[in-house]
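Chemist: Next come the chains, spelled out residue by residue.
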Amino acid sequence: MKLITAIIKPFKLDDVREALSEIGVAGITATEVKGFGRQKGHTELYRGAEYVVDFLPKIKLEIAIDDALQQSVIDAITNAANTGKIGDGKIFVSDLAEVIRIRTGESGAEAL
Amino acid sequence: MENQVIELAYALDTFYFLVMGAFVMWMAAGFAMLEAGLVRSKSTVEILTKNIALYSIASIMYMIMGYNIMYSGTDSSWWPFAIDILTNADNSAADVIASGGDTYYSGLSDFFFQVVFVATAMSIVSGAVAERMKLWSFLVFAIVMCGFIYPVQGFWKWGGGFLDAAGFLDFAGSGVVHLCGATAALAGVILLGARKGRYTSDGRVVAMPGCNMPLATLGTFILWLGWFGFNGGSELMVSNVGEANAVSLVFVNTNAAAAGGVVAALLTARLMFGKADLSMTLNGALAGLVSITAEPLTPTPLLATFIGAIGGIIVVLSIVTMDKFKLDDPVGAISVHGVCGVWGLIAVILSNGDAMIGTQLYGALVIFAWTFIVSGIFWMIIKMIMGLRVSEEAEMEGIDIHECGMEAYPEFVNK
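Sequence order for the protein chains is A and Z.
Residue numbers for the first sequence follow this note's numbering, so the first one is 1 and each next one is one higher.
Residue numbers for the second sequence follow this note's numbering, so the first one is 1001 and each next one is one higher.
Pulled out of the complex, with its shape left as it was, chain Z reads as follows (with noise of 0.2 Å):
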């Protein structure tokens, strides 16, 4: 009888990862479906067309290489690397049973659940360079970065490196996800440059605005759903009482915090601008799930609404800011799950004693070090070698005509 329980609980947890990896794949369609929304209409083909081939990429790479260097299980605390590659041997009911129930989900349900999150800070990077920058120069970034930049610095945390034993706290990745990739987006905008047009030499900053609200918001609602999986999933664990309230706890937080940010970011812009900004309001929305994703257990809900609401916030004054540094993130990106994952990473302290903002501050800033100049480095051989920015003409046209080869839509006549 208690063989079964113990089965029956590892079925359980191991259905739990991937039911919850599967909500954080279909973050990629929220992904995209945001991105393609909130660039013009004759950059929409690329955008997409970067979304499907960095899940994709993500999903091969951290199989080869990735995963192995996250979670090698060496005695190093920096250096990760061990030889094996992902197999499809899993454990044993045998193996199983004799652990006691230690041994509590399949390994391969560990590994479906964790490259859906290296998937997750890729795209990050594809909305801070959408509209300029040369595809296959962006996938073969994807490349470099699911295969070893995230990989490295998610092994000093969660594949238990020197930032997990320095006390640094991050639940489901405000730092090792959202934090890694909106670096090596800022990284990649930085050697970039800004659409052609963007800021005047007068100090202008021009507006140009996205092509399909009902996309962009659609996107926003499908990464809201996905983040219940990349928040409640990251329990690791639900097949018992305890477990199955923290989740429930989790899942609230998660929802409380998108909430908050939401309404703040609605009030901020509407402060600042005089009406409101929806594309403002969907990225609140996105704040205030990252704020709250380095610590969505410990917060009560009331907390955890605070927590987002001061996400979004940030993230306004951080979109205008940007443009101040003349630094074009044509979806906000960089701010959403840059700036917005810090806060997250400090917020830890509200409400867990076992933080300490050194030691958070610590782990971003090791986080961010590590992501931006070895993304640099890699940026910049790419753009030796194939260029990273598509020609003036190409980017007044459009890329989908130049990168892609086709329209978005192509019947319509209204340009």
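Chain A extracted, bound-state conformation (with noise of 0.2 Å):
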């Protein structure tokens, strides 16, 4: 089991969620997080002070998927979050130990 986190902008979590259902993706969890990568930030004034705005906001998605799903999620996401500009954002795919639904005290693949 993997469990897949991908960093994209805010606006293409509904696009990246209908293309993650069409390839059965049962669940996902989203938050809303702040960022940067290797894009530079830049300066703002508020009342004349400076400040410098280099975390901008990006939604987390957390996607727990059997083996097998692994290249289809990631192309999904992929396809569905490339705007072709820079903050586009990543995915890193982790090894799941283990996964428990709660309500049923299933475990492993069926919990998925």
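Any given hint could be a false lead.
Below are the EDC-like pairs computed for lysine to aspartate or glutamate, each with C-alpha atoms no more than 20 Å apart in a straight line [to be verified]:
#, chain 1, residue 1, chain 2, residue 2
1, Z, 1275, A, 44
2, A, 90, A, 18
3, Z, 1275, A, 54
4, Z, 1383, Z, 1393
5, Z, 1326, Z, 1395
6, Z, 1326, A, 50
7, Z, 1324, A, 44
8, Z, 1196, A, 50
9, Z, 1324, Z, 1202
10, Z, 1324, A, 50
11, A, 60, A, 18
12, Z, 1275, A, 50
Since the hints were derived computationally from the structure, they do not count as laboratory data.
With the hints as a guide, bring both chains together as one complex.
Modeler: See below:
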């Protein structure tokens, strides 16, 4: 099992969600985060005082999947979230040691 | 028949005081929303508490002693103390008719109209000292300001004291209310110090953006609406053609000055910073309003627009200058009400032939000196007895939790 973590631009959330539904992903968790990568920040002024805007709003998605879905999930997210401009985000793949469904106590692949 | 007309005029003018007073009371909501929007979310509950508490303290202290200090009717032109406290006795119909209409409003309606002005002056202070002053220290100061500091200088002008006798002109209170409040705020800000991290040792000014621009904007519009009562009501009468026309002109000029302030502040910020700055634009509206408050009756609407616009330019420059002097004013209160209050007093000479620049400056200086010195003394007493400033830890974590034990948005995860 894998945990896919994706950082995407906030306005891409609906597109990514639809793309993932189409390939059979059952559940997603989304969090509002701030982040930056290689894109540089810029300064703004508030009442004449400078402040640096480097952390930009992003959405973090966490998706627990079976190994078999890994590549299609990566492709789905990449295609849906891509704008071609800097700040599109990143996808992280990590191994998932265990999954439990709280309501029923199921674990492993059945809990995905 | 004539008696009926006299009674009707009395009723109308009383009603006018009451409704205009209610408009000025509504400015308390305006200040609360404006300040809540311009501070950080971790300081929201505290500033809201201050705003509603200070309004109430003003209502009580002015009733107990302030009103009678200010309108004591004593012979002395500088020592205003008299003994009476407010009772609920008022003019009888017979008294009114016997006066031939000279007694034209309820005494209690006059008190009501006046008490809301005290609250306005006091609420100027709450924004300037936001985010780092102890709540209870502020409220103790409010007791003194509303019961003593404001009424004494108010007596000197509106109570018939020596400033009035000298020919100092202040229609609705650019000096008596706005400069007075801003001066008390300045004394507090100096003794309090800036928010931690606001001014770095290498001379940078650190931005601390307000948490809620919609609230700040709503607050400004509420203040704008309330100001029609503030200036309009200060004409003190509406029940004949001349007075009704005067009130109408005051409303138009008040609106025009605010509009001029907005446009000027918007353009000034655009020129200085490269983009429009909403918070400066909001301050511009208020700067325009403060600027016209000393004389909203004699200018033409075009001149009123110009006077407001100058206020809008001044306020932006003043806010930036205050930061250069490391005087931290989160909402710009001292710039809006103090610096533009002085401009408002000076601007009277542009349209009122009875005003003289020397007398206007004299009045401003007296109000400033009295308020600054006495406020400074009381701030220092409060500082020695109970402290003025919250601990550094409380300031970092948020005074909502530390001073008030609650958060404005406890369900929001986004911090």
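Chemist: For a quick check of understanding: which of the numbered hints are violated here, in increasing order?
Modeler: none
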